[in-house]
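Number 134 in full-length UniProt numbering belongs to position 134 of the sequence shown; there are no gaps in the numbering.
Honestly, the hints are just simulated from the structure, not real lab data.
Take these hints with a grain of salt, some might be off.
[Said to hold, decoys possible] Now the in silico label distances, taken between C-beta atoms and shown as ranges: (1) Glu-147 x Thr-46: 37 to 43 Å; (2) Leu-146 x Asn-176: 34 to 40 Å; (3) Ala-67 x Ser-165: 32 to 38 Å; (4) Ala-16 x Ile-48: 35 to 41 Å; (5) Leu-94 x Cys-18: 16 to 22 Å; (6) Pro-145 x Thr-61: 17 to 23 Å; (7) Leu-42 x Cys-92: 23 to 29 Å; (8) Ala-64 x Ala-103: 34 to 40 Å; (9) Gln-181 x Ala-45: 36 to 42 Å; (10) Leu-42 x Thr-105: 22 to 28 Å.
Small disclaimer: the values here were computed from a predicted structure and weren't measured.
For each residue, glycine too, the CB sits at the ideal point set by N, CA and C.
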Amino acid sequence: MSPGPVRRFQRIVGCADCNRDSSNTGVSVFLGTAPLLTESLLEAATSILTVKARHSTMLNTLNAGTAIPRPFDVPLTSNEILAIASPFISGCDLGVVANPSLAVTNVGPSTAGTAMTFSPVNEIVTVNRLLPDAHRRPDIRHPMPLEACVVAQVTNSPVAIWFTSDSQPLVGNAINRDASQLLAGPRRAELA
């Protein structure tokens, strides 16, 4: 006899946050894979993308965030998507190696000026840079030393965070992004 389902969320707020994060991540999946699709698949994918975008708008609003916090979203590669999704997936070999995952260990809202703390999975200890991705355009990056990582003066905006081995900004375009400097991530975060 199986033990039954495990309840991951004890409060609706946690479930709503997870739904918003997964919906915004879904948008990034479609943006990151669009250049790889054939024309016929691209047509279907763009139709699904508009539904994901409407879900994101609704979930942002239900979570007391800005309905459409920025005009551009962040495209992510398959390895990056799996870094976000791997805590929710087990026993499924997709043939793609996930980037090491990151966990934000801050408690409470992440408001401007708050120091951000992380728990890298797989004991990554050589990290010396953090890269929060764009809050306005996907080609704006803000590399900073890990010890100097604080929440920027941005409100109600999702960001993507990577640990990198150097201070070079990552390219916003998922196809041209150099993965050789990536140590972990991304980790999506909602800034209050």
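Structure-based check of each hint:
With their beta carbons about 42 Å apart, Glu-147 and Thr-46 fall inside the hinted range of 37 to 43 Å. Against the hinted window of 34 to 40 Å, the Cβ-Cβ separation of Leu-146 and Asn-176 comes to about 25 Å, which falls outside the hint. As the Cβ distance of Ala-67 to Ser-165 is approximately 37 Å, the hint placing it in 32 to 38 Å holds. At about 22 Å, the CB distance of Ala-16 to Ile-48 disagrees with the hint of 35 to 41 Å.
For the pair Leu-94 and Cys-18, the supplied restraint of 16 to 22 Å holds, since their beta-carbon distance comes to about 21 Å. Evaluation of the 17 to 23 Å hint for Pro-145 and Thr-61 yields a failure: the beta carbon distance comes to about 35 Å. Against the hinted window of 23 to 29 Å, the Cβ-Cβ separation of Leu-42 and Cys-92 comes to about 26 Å, which satisfies the hint. Our hint of 34 to 40 Å for Ala-64 and Ala-103 is violated, since their Cβ atoms are close to 23 Å apart.
Restraint check, Gln-181 to Ala-45: a C-beta distance of roughly 29 Å breaks the suggested window 36 to 42 Å. For Leu-42 paired with Thr-105, a C-beta distance near 39 Å fails the hint of 22 to 28 Å.
Hints 2, 4, 6, 8, 9 and 10 from the earlier list are contradicted by this structure; the remaining hints agree with it.
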